[in-house]
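S.K.: Here's the letter readout for the chains.
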Amino acid sequence: MAPEQWVERPRYVQHAEDVAEGAGASNVPSPDEVARGLRATSEGEDLIQILSPEGVLTPHPDFPVEVTGEMLQGLYRDMVLIRRFDREGNSLQRQGQLSIWVPLLGQEAAQIGAGRAMRPQDFAFPSYREHGIAWCRGVDPTALLGIFRGTDHSGWDPKEYRFHDYTIVIGNQALNAAGYAMGQAFDGKVGDGADAEATICFFGDGATAQGDIHEGMVFATAFDSPIVFYCQNNQWAISEPVGKMARLPLFRRAAGYGMPGFRVDGNDVLACLAVTKWALDECRTGNGPVMIEAFTYRMDAHTTSDDPSRYRLAAETEHWKLLDPIERVRVHLVREGLADKAFFDSVDVEADELAARFRDFAVNMQVPPVDRIFSNVYTGPHAEVDRQRADYLEYLAGFEEEGAH
Amino acid sequence: MAPEQWVERPRYVQHAEDVAEGAGASNVPSPDEVARGLRATSEGEDLIQILSPEGVLTPHPDFPVEVTGEMLQGLYRDMVLIRRFDREGNSLQRQGQLSIWVPLLGQEAAQIGAGRAMRPQDFAFPSYREHGIAWCRGVDPTALLGIFRGTDHSGWDPKEYRFHDYTIVIGNQALNAAGYAMGQAFDGKVGDGADAEATICFFGDGATAQGDIHEGMVFATAFDSPIVFYCQNNQWAISEPVGKMARLPLFRRAAGYGMPGFRVDGNDVLACLAVTKWALDECRTGNGPVMIEAFTYRMDAHTTSDDPSRYRLAAETEHWKLLDPIERVRVHLVREGLADKAFFDSVDVEADELAARFRDFAVNMQVPPVDRIFSNVYTGPHAEVDRQRADYLEYLAGFEEEGAH
Amino acid sequence: MSAESVTLAKALNLGLRASMEADPKVLMMGEDVGKLGGVFRITDGLQKDFGEHRVLDTPLAESGIIGTAVGLALRGYRPVCEIQFDGFVFPGFDQIISQVAKVTYRSMGAWSMPLTVRIPYGGGIGAVEHHAESPEAFFCHIAGLRVVACSNPADAYWMIQEAIDCPDPVIFFEPKRRYWEKGELDTGVRPDSTFSTVVRRPGDDVTLIGYGATMPVVLAAADAAAAEGRSPEVIDLRTLSPLDLGPVLDSVRHTGRAVVVAEAPRHASLSGEISARITEEAFYSLSAPVARVTGFDTPYPPSKLEEQYLPDLDKVLHAVDRVMDF
Amino acid sequence: MSAESVTLAKALNLGLRASMEADPKVLMMGEDVGKLGGVFRITDGLQKDFGEHRVLDTPLAESGIIGTAVGLALRGYRPVCEIQFDGFVFPGFDQIISQVAKVTYRSMGAWSMPLTVRIPYGGGIGAVEHHAESPEAFFCHIAGLRVVACSNPADAYWMIQEAIDCPDPVIFFEPKRRYWEKGELDTGVRPDSTFSTVVRRPGDDVTLIGYGATMPVVLAAADAAAAEGRSPEVIDLRTLSPLDLGPVLDSVRHTGRAVVVAEAPRHASLSGEISARITEEAFYSLSAPVARVTGFDTPYPPSKLEEQYLPDLDKVLHAVDRVMDF
Ligand SMILES: Cc1ncc(C[n+]2csc(CCOP(=O)(O)OP(=O)(O)O)c2C)c(N)n1
Ligand SMILES: Cc1ncc(C[n+]2csc(CCOP(=O)(O)OP(=O)(O)O)c2C)c(N)n1
Ligand SMILES: [Mg+2]
Ligand SMILES: [Mg+2]
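Here the protein sequences come in this chain order: R, U, E and L.
Using our numbering, read the first sequence as starting at 1 and increasing by one per residue.
Using our numbering, read the second sequence as starting at 406 and increasing by one per residue.
Using our numbering, read the third sequence as starting at 811 and increasing by one per residue.
Using our numbering, read the fourth sequence as starting at 1137 and increasing by one per residue.
Don't take every hint at face value.
Calculated cross-link-like contacts (lysine to aspartate or glutamate; reagent style DMTMM-like; alpha-carbon spacing at most 20 Å) [to be verified]:
#1 LYS845/E x GLU721/U
#2 LYS1125/E x GLU721/U
#3 LYS1125/E x GLU807/U
#4 LYS835/E x ASP975/E
#5 LYS1451/L x ASP1328/L
#6 LYS835/E x ASP187/R
#7 LYS1440/L x ASP371/R
#8 LYS1125/E x ASP1386/L
#9 LYS1125/E x GLU1417/L
#10 LYS1184/L x ASP307/R
#11 LYS1125/E x GLU806/U
#12 LYS1125/E x ASP776/U
#13 LYS845/E x GLU806/U
#14 LYS1451/L x ASP300/R
#15 LYS1171/L x GLU400/R
#16 LYS845/E x ASP859/E
#17 LYS1451/L x GLU1090/E
#18 LYS1440/L x ASP360/R
By construction, these hints were calculated from the structure, which means they are not laboratory data.
It should be emphasised that the depicted structure is a prediction, and the values quoted were computed from it without experimental measurement.
Looking at chain R on its own, in the form it has when it is part of the complex:
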């Protein structure tokens, strides 16, 4: 056994100059980019898939999931609806109604699969793109709008929906989630009971580089916390491909911490659901964390402020269109005769209604009262903030008086 074989990694000898020249002269990827990108983004043999892009369903022995027509219809509906309001979010931004929108396009299966795998008592910690998880937790899509219209930093009661506020600082939520899961264990809510709880934490491929993600995994394994680390590898962190973050598929990190790790076809809603369900149940029993890498694709820009044409090729996006998460479910439903035209039409109508309601809500949102600036900085009274609030309101009243005269 030669050391060279002890671990997989790209092997090549490269000289600084070559790369610098190569990159300087053109935007052709350097040899290391090619090697690393191949490792990091290839689907690999390990990819867990149940519903193929062609709509063929092959049960997975390790991740059993009972599939019914009704259930598939439900998943289809979920995905169509979230895609619809996501697109509406994009248009609203284009029309100046929102200051920014963060699209989920392409990640519908990754989110609905995970979201529908959760039990009501489970708790989710999103990043900022998890509109589909919000949907599964029962948060009305209009509640998301405040963040993007700039009227609020959040818009729902995280306790009620067991869905935490969006976290924008990359990686932070992994630790908050790990801590919450520690609490679930300390509360005795792990085990075989029907009330056993788990936590699921969402983050991106780019986030895996952050120290907080690592520390989250260290703490979760140290305390055997019931948490699923769910990485949506959508191949891009703004303009940086996942190959910049990792030489190998991301789920491989899990083994080093001593926790199970899986790569699932993130555009396969059944696989996402089945694996997440297994993972939540596994950690719910008290065995500690599990990592899932949902291998998917960000079909749209990073946000409405982003211009992906500067860094990625249209051909790549075209390739992923063939792997569309919704289309394969539709094909399967049709081919197996599990849904008729009326069903599809009704979902479309519902989607249009949702979009209209979403838009309506957005354009009618009010600027919050000035008082909001000073509210909930602290839970109790606070001499200084209270004084600044009073002074400022008095200052504003001065203008009104002036105006009144």
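Following the hints, position chains U, E and L with the ligands against chain R.
M.R.: The following block gives chains U, E and L with the ligands in isolation, referenced to the frame of chain R:
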């Protein structure tokens, strides 16, 4: 292939109450401590060893190292000398000559093996316990004293010795080292040339929990930097056993990043030397980082301020005494007739002389001038610091004048 | 229990114990806080008595400690995080500023964040680098946090309990070089809010303002100044954010002169803020500009030089002379 | 090249390019700085022209960016780190305070640390949380750093080059909402040190002090005040640490009144320090206490409320009235 088998980890279901009770009632380890500790601290089949505790030498096929009597004598001498001044450091602290000392006792092989594997052009980033690495880099032991006597924050020219200042904030140096290694690659100093360079970064088992260590590995693999991450797993982070940091042996983390990782018998100076040499050469060629876990033991307290009797059993220390890193080399030298009494005596004499010189230096160290407070805060002039210096010197002069009258 | 003489360290230990007894949701977490009882033994005996799930030896990672404490607080716990030394809070700074301080605001009050971060701070113990810093200004500048510093055993005992009871996050500064100084502690009667500023010694000529680690220096300087015929009034801020300016302004309006004493460097510090606020609110009462005795705008020096760096009796007296002779 | 009108963003881009041309050791590093040219396009085109080893798209980790930049600086490079938005510098705070700021001091000058951290900062662009903060006080309080802020294209161009040339670490604040404002840039003649404070408009009644993002507000307020018959003098600090107090004191000694304008929250802020320093040094010249127009001591609010939060013309004028009528 059932999911349960996909990764190694301790499996048990445990209830919060049991553990709390167990720990509350006595200091008996809880079931999870036992399981995790076993995984994390057992030497395991993977341990690379060349010189056994009994002094038997078995070459390792993957890590060839030419062993001569002279070379073994040199390693023996190194270890005896650093142990000797280390013990002197401890006594100096007990006698009030130093405010603190950080002992390396037990880690002589881990340090001398790694230190002697380095080429002159390589660069080392220590933590704060690497007196043996300092020794190998040519830093005189007396240069370490300023830090522990409180006259300085460092005491040698890091550029001259290619040995960075001690880093006390756990984990920080992993990133500084990764950056330095990036620079080596950018300078074209990787490849097969005789001037090819590598970096080695030292840290402890506890440090592996820090985000900076993770990010160091992410950056090193992203940029294929010539760096060896050398973890001295001395089983303890002050009072916390390595099982608190990890479910599995630490070197297993490496695979997740796509870099080779090895666990070496950290009390076997030949194994440490051979594996580190391989690793430095491997990354020197441009293949990117390597991780080494040197499995060793902190025979003394964390620092002279620490009281290990509060958290670990004397029996554990006794066990490790049988694995002493120096003794096995001595036994081997004697058994194979590679050294005679005159050699051992001469080393002892040299050790005593070093200790005397070390002590002499320590007790004669002067408090630096007040000016040191204000020096080298910036490289160039700085209006504010310069003014504060002038004001303070004037203020002090005021007292002298008063005194003069 | 009636009054007894205990060290500040012991008072903190007793206060933590009282909080843990009063509320099963109170947790201790940090590096070495369990079996070892912390490097300063502040949590001594707590794991033994309350168990491993209430006194958590955590992995060695400060962002991890603070970040998981946030999650535990969301779950209904009241975590008390120990940072081993002042210089090691910074890996956790991001979680403090981005989550600890902002969760309540972000969620419009849906969450509260009853989390305490204990930081042994300040110099004077002959330690190596990063073990003697005074980072309070960083936390005072973060809206959403409350910041306090205790200076004697009785305050330590009550303030730590008030911090733990507080529904808001509290950064709790412990003057490490005063851990072994003794003082009277009467655990019988809980005082009114200790997150308030107190006059430690009444006087007429000059107001000496300190907090935490500098209080003994300030009190000693007051004695010395009194011996020289001055009449200093001494104030212990206790709460650094928000400031409790009332007692300070009352005093300065009476004395017309103020000296602020803190170990932290001066530039963009809390001492500057105090000076600015006093001037804003009591301009016409001031006979001299507010003076500051602080650390220098340098990193903390090697410990053999720390006595030169730290505010001491002479420096405070010198400042008193300056404001009196202005 | 003679004077042309460029945006502040373009001026920075040109300045970075000039530094990269002048010294092959100058590197750009950060998230998305390569192909994308940064989310604000400040590094636009640099990777294409200088190659991937001089403009590094790094993994998404700020401690990693700063920490490896430290290592690169030790190796002889001059790294320029881009932090994508103000609110994301905090994961790198520990490396900044413990390494960037202290390496030179620790090594007694054996190492210098010629590293620049560029931070687009401040509000007013309608962004979501963490994208509109003004964290300058944190860095000003750290000895070992130099902190500067540019406010117009010409300064941006020269100041970024001076920062990169500087052997000490420089935290470089870029007023992101001014990126698209144009100004004259003459790249021909390099001015004297731009890490110095300048008078932007002479006057007699009151000194208005701003820096970075607030300069346009301050200048507009000065116009308005002048229209009302006041004679304001306007000062652009440019260097925040150390302060260049000379021009400020000269001005205040002349006008007797000062207003400091900054977006950051007020408590333990740089504005407090400026107020304290002015009072310490020019006490008898002051006809009124130094006034401050700052953000509130709250987290940065949702963007629909940011106009209420930020210093604006009315607030500055109100403060001018207060100090004039004191
Ligand atoms: C600490 C931090 N640094 C930088 C950013 C700016 N930023 C926002 S999203 C993003 C990329 C995230 O990529 P990934 O984790 O893959 O998630 P995705 O957006 O693709 O879902 C960056 C760099 C941030 N939000 N937080
Ligand atoms: C960021 C940080 N947190 C805490 C400490 C305090 N501390 C010093 S050494 C140490 C334990 C380190 O353990 P390990 O990494 O195993 O190294 P060892 O001391 O055993 O060589 C701790 C917690 C520190 N120096 N830095
Ligand atoms: Mg992504
Ligand atoms: Mg250790």
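S.K.: Need the status of pair LYS1184/L, ASP307/R: alpha-carbon distance at most 20 Å?
M.R.: Distance of about 17 Å is within 20 Å: holds.
S.K.: Assess, step by step, whether the Cα of LYS1125/E is no farther than 20 Å from the Cα of GLU721/U, and give holds or violated.
M.R.: Violated, because 52 Å separates the two Cα atoms, which is more than 20 Å.
S.K.: For the pair supplied as a hint, LYS1171/L and GLU400/R, confirm whether the alpha-carbon distance does not exceed 20 Å.
M.R.: violated, 51 Å
S.K.: For the pair we were handed, LYS1125/E and GLU1417/L, check the Cα-Cα distance against 20 Å.
M.R.: Holds, at about 19 Å.
S.K.: Under the criterion that the straight-line Cα-Cα distance not exceed 20 Å, is the pair LYS845/E, GLU806/U satisfied?
M.R.: violated, 54 Å
S.K.: Starting from LYS1440/L, check that the Cα of ASP371/R is at most 20 Å away, please.
M.R.: holds, 12 Å
S.K.: Quickly compare the C-alpha distance for LYS845/E and GLU721/U to 20 Å and report which way the hint goes.
M.R.: Answer holds: LYS845/E to GLU721/U is near 17 Å, not above 20 Å.
S.K.: Would the pair LYS1125/E and ASP1386/L pass a check requiring their Cα atoms to be no farther apart than 20 Å?
M.R.: violated, 29 Å
S.K.: Quick one, are LYS1125/E and GLU807/U close enough, alpha carbons at most 20 Å?
M.R.: Holds, at about 15 Å.
S.K.: Next pair to validate is LYS835/E with ASP187/R; report whether the Cα-Cα distance is within 20 Å.
M.R.: With a Cα-Cα distance of about 10 Å, the restraint between LYS835/E and ASP187/R holds, given a limit of 20 Å.
S.K.: For the pair we were handed, LYS1451/L and ASP1328/L, check the Cα-Cα distance against 20 Å.
M.R.: Judged against 20 Å, a Cα distance of about 34 Å means the pair is violated.
S.K.: Does LYS1440/L pair with ASP360/R here, judged by a C-alpha cut-off of 20 Å?
M.R.: holds, 18 Å
Of the numbered hints given earlier, the model fails hints 2, 5, 8, 13, 14, 15; all others are met.
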